[in-house]
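Participant: Below, each chain spelled out in residue letters.
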Amino acid sequence: MKVHEYQAKEILAKFGVSVQKGLLATTPEEAVSAAQKLERETGNDLFVVKAQIHAGGRGKGGGVKLARSTDEVRETAEAILGMMLKTPQTGPEGQKVRSVLIADAVDIEKEYYLGITLDRGRNQVVIMASTEGGVEIETVAEETPELILKEWIDPVIGLQGFQARRLAFGLGFEGKAFKQAVRFIVALYRAFEESDCSIAEINPLTLTTDGDVLAIDAKINIDDNALFRHADIAELRDKNEEDPLEVEAAEYSLNYVKLDGNVGCMVNGAGLAMATMDIIKIAGGEPANFLDVGGAANPETVEAGFRIILKDLGVKAILVNIFGGIVRCDQVARGVVQAATNVGISLPLIVRLQGTNAEEGRAILEESGLKIETATLFQEAADKVDEALSA
Amino acid sequence: MAILVDKNTRLVVQGFTGKEGTYHSEQMIEYGTTVIGGVTPGKGGQLHLDRPVFNTVSDAVKGEGANASIIFVPPPFAADAILESAEAGIKTIICITEGIPTRDMISVYHYVREQGAALIGPNCPGVFTPDEAKVGIMPAMIFSRGPIGVVSRSGTLTYEAVDQLTRQGLGQSTAVGIGGDPIIGSQFIDILRLFQADDETEAVVMIGEIGGTAEEEAAVYIKDHMDKPVFVFIAGRTAPPGRRMGHAGAIISGGKGTAEDKFAALEEAGATIVMNPAAIGEAVRAHFSVA
Chain A
16 MKVHEYQAKE ILAKFGVSVQ KGLLATTPEE AVSAAQKLER ETGNDLFVVK AQIHAGGRGK
76 GGGVKLARST DEVRETAEAI LGMMLKTPQT GPEGQKVRSV LIADAVDIEK EYYLGITLDR
136 GRNQVVIMAS TEGGVEIETV AEETPELILK EWIDPVIGLQ GFQARRLAFG LGFEGKAFKQ
196 AVRFIVALYR AFEESDCSIA EINPLTLTTD GDVLAIDAKI NIDDNALFRH ADIAELRDKN
256 EEDPLEVEAA EYSLNYVKLD GNVGCMVNGA GLAMATMDII KIAGGEPANF LDVGGAANPE
316 TVEAGFRIIL KDLGVKAILV NIFGGIVRCD QVARGVVQAA TNVGISLPLI VRLQGTNAEE
376 GRAILEESGL KIETATLFQE AADKVDEALS A
Chain B
53 MAILVDKNTR LVVQGFTGKE GTYHSEQMIE YGTTVIGGVT PGKGGQLHLD RPVFNTVSDA
113 VKGEGANASI IFVPPPFAAD AILESAEAGI KTIICITEGI PTRDMISVYH YVREQGAALI
173 GPNCPGVFTP DEAKVGIMPA MIFSRGPIGV VSRSGTLTYE AVDQLTRQGL GQSTAVGIGG
233 DPIIGSQFID ILRLFQADDE TEAVVMIGEI GGTAEEEAAV YIKDHMDKPV FVFIAGRTAP
293 PGRRMGHAGA IISGGKGTAE DKFAALEEAG ATIVMNPAAI GEAVRAHFSV A
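Those sequence lines, one after another, are chains A and B. Heads up: the first sequence runs through residues 16 to 406, numbered per my numbering. Heads up: the second sequence runs through residues 53 to 343, numbered per my numbering.
Please keep in mind that the hints were generated in silico from the structure rather than gathered at the bench. Virtual Cβ for every residue (Gly too), placed ideally from N, Cα, C. Incorrect hints may have been included.
To be verified - Once the Cα atoms are required to be at most 20 Å apart in a straight line, the calculated SDA-like pairs of lysine to any residue come out as:
1) A:K80 - A:D122
2) A:K234 - B:S305
3) A:K101 - B:G294
4) A:K296 - B:A249
Said to hold, decoys possible - Stretch-level coverage of chain B by chain A, calculated; a stretch enters the list once three of its residues show a Cβ under 8 Å from a Cβ in chain A:
5) 231-238
6) 325-332
Hey, can you work out the whole structure from these sequences and the hints?
Facilitator: Below you can see the structure in the form of structure tokens.
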């Protein structure tokens, strides 16, 4: 699960991670009073107005602006709030900005990168640090991998002091800043562990001209599988940042990801769902979505799946691909008939049923009198998609 | 021969008396798997499906000589269940549970290895050796015994591959679903090693998917150590970067873990690449017809 920058900073601050001061605002008036409050605390009248959306690259799209006075804060907040912010990570239409973080601007001496994530190759947590802050770490990894320092964490003993020191020395910190950097790394690791993060990334980690180390940006993602033990974090989910169709699908325990193609699909199992997308492409179409109905497919969830697929107006044909194991094909077939009757499906519909109760399932479809192409083999289904698109 | 499970498997079911545990235990018993009983803490001494229920896995090992376990325990408690099996000396542990937090799995992964046990999963459909043992949730009707080893990160896509093989008259030595999570007990490389050493297995079908680098690591192993043919399909060529495709581990992040990279690494290692997921059986058949 993703959270906003301001939420990430709040979580990190609880663990003693030193973060840039800031206050959230949803209107220009709130932005001004946030700036005034910050100024009273810090004596600083320089601010950064930062759009709060989940996508990265906000600065490039004009979502992060310096403001030299509270008047400028108002103007900037007026411009950013409500805008459709386009970044390399949003869709082409951009993402609507509903809130801004008014942050205390600091004078930057140098920027660094610090990130913690899972190293899947080693099955260990890895802390990565680099003197190349403020740029994308993927680019650094690609072009100058020697500039990325890594410390792998032994899960039995956790992060050790010498590892944090090695990173801080490696980044070239000295004196007061060295001590702060070590404390920062230890605190960030604790936050990562205890909040069940899948990633915690500080880019940039900043050394100020006053010699202080702090985070002026923060990104954390939380392991969805661990949300059951973090009710407070689960509440931070912002559905505005998610595709409405994906939100609706999740309510039915459907795993749906919207894509831009012309063939909708509904499949049981994630691997088979991806393979179905791939075969749609081979058959001359483009997959319009990923949709895994999972092991609990029943008439209600199947009908919900159809409703969601049909809301995507780019869809020109639908392929249902079920390999019944735990899922019974007759149940799915009843769902297809129920959906076709209740929702009304006028697009070409191809239903491939295989495995548990497949024959009963196909019989239900054929007896329904509905216009449904059935298939037994995977290739047969792909060929029928091809035919439907060519017609 | 076969790998991991066979007629000598004495299986204990963790989460035996729950809904899932009960349903799949019935199916496994019906297939002929030796299910010695199960574990449900607090229900020790009862009978379930005509078999003893134990409070702990070590009781099941002492009482009935259990040598393999399967786990149908809900996610918050599943890591503990795996550790309990490993500590009790079980050497083949199969965890079906989906949704275990990654943090829990990191320590589990390393502990299980230290105990010298093989963990399959989590978030997997289990292991199937036709005519000998079904340890998992795979549908029995699609299997037939023969010379092909199958290893896959997916559930239903494994069924698809097995079904295609069976339709081509190609039976399976063992089919292993290794699971779709970012951290799984056994990777492709571990299972390929077992298939390479297994006399009965003549060829391997390997089904990967986007995310991680397990397929690339398998490619190195195939190139250096395998003389048996390997047929590969990687799911997710059409998946967009940065989006999780159902499985917690199926995500292209930072440009890494694409299907193209995996196909390329495996092709370079000498594996036979199958681009069409409906043509896996045919590809293996073509090889055996020529040979």
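Participant: It remains to establish, for every hint, whether it holds in the given structure.
Facilitator: Structure-based check of each hint:
With a C-alpha separation of about 15 Å, the suggested pair A:K80 and A:D122 falls inside the 20 Å cut-off, and the hint holds. As the CA atoms of A:K234 and B:S305 are separated by approximately 15 Å, the hinted pair is consistent with the 20 Å bound. Of the supplied pair hints, the one linking A:K101 and B:G294 holds, its CA atoms being roughly 17 Å apart against a limit of 20 Å. Restraint check: the Cα-Cα separation between A:K296 and B:A249 comes to about 37 Å, which exceeds 20 Å; the hinted pair is violated.
Counting residues of the region 231-238 of chain B whose beta carbon lies closer than 8 Å to any beta carbon of chain A gives 3, which reaches the threshold of three, so the coverage claim holds. Residue count for the region 325-332 of chain B with a Cβ under 8 Å from a Cβ of chain A: 5. That meets the three needed, and the coverage hint holds.
Consistency note: the structure conflicts with earlier hint 4 alone.
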